[in-house]
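Whole structure, please, built from the sequences with the hints as guidance.
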Amino acid sequence: MIELEGLTKHFGSKVAVDHLSFKVRPGVVTGFLGPNGAGKSTTMRMMLDLDNPTSGTVRIDGRHYRELEEPLKYIGALLDAKAMHGGRSAYNNLLCLAQANRIPRSRVAEVLDVVGLTPVARKKSKGFSMGMGQRLGIASALLGDPEILMFDEPVNGLDPEGIHWIRNLMKALAQEGRTIFVSSHLMSEMALTADHLIVIGQGKLLADTSMADFIQQNSRSYVRLRSPQQEELRDAVHRAGMTVVETDNGTLEVDGASTEQLGELAAEHRIVLHELSAQRASLEEAFMQMTAGSVEYHAHSTGAGAPPPPGPEAPPSGHGAPQWAPRKEGA
Amino acid sequence: MASVPAVLQSEWTKIRTVSSTRWTLISALAVTVAMGAALCALMNATFDDLPDAERLTFDPTLISFSGMVLGQLAMVVFGVLVVGTEYSSGMIRTSLAAVPQRGTFIFSKIAVAGLLALAVGMATSFLTFFIGQALLGEHRTTIGEENVLRAVVGGGIYMGLIAVFSMGVATMLRSSMLSLGILMPFFFLVSQILSAVPGAKDVARYFPDQAGAKIMQVVPNAMNSGESPYGPWGGLGIMLLWVAAALLGGFLVLRKRDA
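Chains as they are written, first to last, in the numbering used here: chain A, 23 to 353; chain B, 185 to 443.
No wet-lab data here; the hints were simulated from the structure.
Fair warning: there could be bad hints in the mix.
Unchecked claim - List of simulated lysine-lysine pairs, BS3-like, C-alpha gap at most 30 Å: (1) A:LYS104 <-> B:LYS440; (2) A:LYS226 <-> A:LYS36; (3) A:LYS104 <-> A:LYS148; (4) B:LYS440 <-> A:LYS36; (5) A:LYS193 <-> A:LYS95; (6) A:LYS45 <-> B:LYS440; (7) A:LYS226 <-> A:LYS193; (8) B:LYS440 <-> A:LYS226; (9) A:LYS95 <-> A:LYS148; (10) A:LYS104 <-> A:LYS45; (11) A:LYS95 <-> B:LYS440.
Shown next as structure tokens:
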């Protein structure tokens with residue numbers, strides 16, 4: 023169990039983490055989500071007593087990090103891959119850490135095996151690829167067989183097979199009753215691994231909820247309609263007492279109705295339909311919407327001179343568009 | 185609390201598993217001995233050409249330590265790299281996550297590296313002394329003469345302290361490049377030049393290397409170097425104060441700054 027209370031960090035006049043309070047519970051994977059620059063890494067560094075908080079506290083099983091006897095046996099962390107001496111072999115890098123916390127030497131070979139680095143155990147770690155460095159970092163987190171594991175953006179630099187592996191590893195570790203705290207800026211990644219969700223934006227807590235609740239609350243389902251007789255269709259749907267939203271790209275979105283109902287309605291009024299499809303807003307969109315007001319770095323849209331936060335006229339961003347725009351919703 | 189013997193063992197593993205340890209310490213020994221031997225041979229050949237004042241204050245022990253001017257630079261590199269690579273590699277965050285007590289961490293590291301530097305410094309000092317004396321011919325001294333053993337042991341301590349001082353500075357500056365960029369020119373140029381400039385000399389003799397090197401003199405005012413306000417032990421004491429200040433500064437920076 024990790025407890026944060028009023029955790030705050032200022033860098034000069036900039037507030038990186040702003041009165042953050044939450045608990046990370048054992049036995050589940052807790053996802054720590056936020057856009058880039060939201061303060062995730064700073065928070066994690068403060069949890070490990072690497073950065074000094076401006077105010078507030080972090081308690082690990084009720085104690086301050088510095089009070090932990092041999093901390094690697096309580097909490098293992100992957101902060102940045104390659105936080106190792108490149109001139110030292112993978113084995114020796116881990117051996118130094120193991121010895122500092124009186125972890126038996128045999129454990130070094132064990133964790134190297136778990137992460138699949140045994141064949142390169144004696145190779146200097148500076149020759150490692152990003153993915154191998156990530157695996158070495160994960161090995162160092164597992165070294166003390168800790169009850170609590172923290173991973174900062176663990177899938178970064180991993181190939182699809184590696185991503186699959188780390189997901190399963192985290193789930194397996196949580197099933198053993200361990201506390202897993204993992205950060206990401208990708209909602210889609212979290213949806214696959216996390217049971218609980220903590221969302222921050224500009225250092226502030228935006229949500230502390232179970233994954234299931236988050237999905238239920240945020241995945242809006244609606245029906246999309248496209249017709250050459252748009253006006254007539256809109257009036258017909260409206261008269262039927264349904265909420266209809268006209269989007270900028272000439273489609274209609276109807277909440278709380280089935281495709282059957284709408285198809286029959288169109289037939290009744292002899293309206294031609296070019297599209298009739300059930301839609302589900304993605305979690306990514308829900309996440310973007312939640313953090314839209316607190317995104318640190320806005321990408322400019324491709325149109326030259328467009329202001330960073332898109333106005334109501336801006337087209338809804340498609341999946342993977344380089345822009346974090348709130349979805350236009352409601353009429 | 186982390187177990188100190190465990191942290192010492194861990195730091196020893198760190199030091200022995202990087203190649204920079206080997207090449208810096210071997211360089212310190214080889215450069216000191218080779219340059220000392222060359223200068224002793226040269227002195228022996230040109231003794232009669234020396235000015236009277238220098239002949240009267242000829243210090244065969246001190247001459248055999250001439251190579252330390254260069255050899256100490258390798259010790260500086262060793263000291264800086266021991267600490268600096270923690271920062272340049274990012275290992276510092278991993279290390280502090282394992283040993284969050286800043287004092288235990290940094291002083292264990294410096295103790296292990298300092299003892300190793302002292303051992304190599306001692307070996308260097310004795311070796312350069314005996315080889316130097318062998319090459320000085322009739323101008324030689326022996327280890328049994330008054331104060332000679334003190335000077336030779338002092339030479340070893342001097343080299344160890346130069347390394348520890350560098351570790352303290354690197355902990356303060358948190359960067360190998362910056363630390364080397366300051367320490368190398370300081371020891372090789374600034375200190376050497378200022379100690380030869382009248383006026384500046386009075387300040388320069390309180391620099392760590394100038395004060396500490398006094399321990400290697402046997403003959404007072406050796407080589408016509410002029411009166412100094414402190415003796416050999418006083419000089420070593422001044423150097424120790426510099427080392428203590430560097431260590432304290434390093435510790436305070438490590439405790440205060442974010443890793």
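Evaluation of the provided hints:
A threshold of 30 Å between alpha carbons decides the hint, and for A:LYS104 with B:LYS440 the separation of about 24 Å falls inside it, so the pair holds. Simply put, A:LYS226 and A:LYS36 have alpha-carbon atoms about 13 Å apart, close enough for the 30 Å limit, and the pair holds. For the given pair, A:LYS104 sits about 8 Å from A:LYS148 by alpha-carbon distance, which is consistent with the 30 Å threshold. A distance of roughly 19 Å separates the Cα atoms of B:LYS440 and A:LYS36; the hinted pair therefore holds under the 30 Å criterion.
With a CA separation close to 20 Å, the supplied pair A:LYS193 and A:LYS95 stays within the 30 Å bound. A hinted pair counts as satisfied when its Cα atoms are at most 30 Å apart, and A:LYS45 with B:LYS440 qualifies at roughly 27 Å. Taking the CA atoms of A:LYS226 and A:LYS193, the gap is near 27 Å; set against the 30 Å cutoff, the hint holds. Restraint check for B:LYS440 and A:LYS226: satisfied, since their Cα atoms lie roughly 25 Å apart, inside the 30 Å limit.
For a cut-off of 30 Å, the pair hint linking A:LYS95 to A:LYS148 stands: about 26 Å separates their Cα positions. Of the supplied pair hints, the one linking A:LYS104 and A:LYS45 holds, its CA atoms being roughly 29 Å apart against a limit of 30 Å. With a CA separation close to 25 Å, the supplied pair A:LYS95 and B:LYS440 stays within the 30 Å bound.
Hint check: no violations occur; every hint is consistent with the structure.
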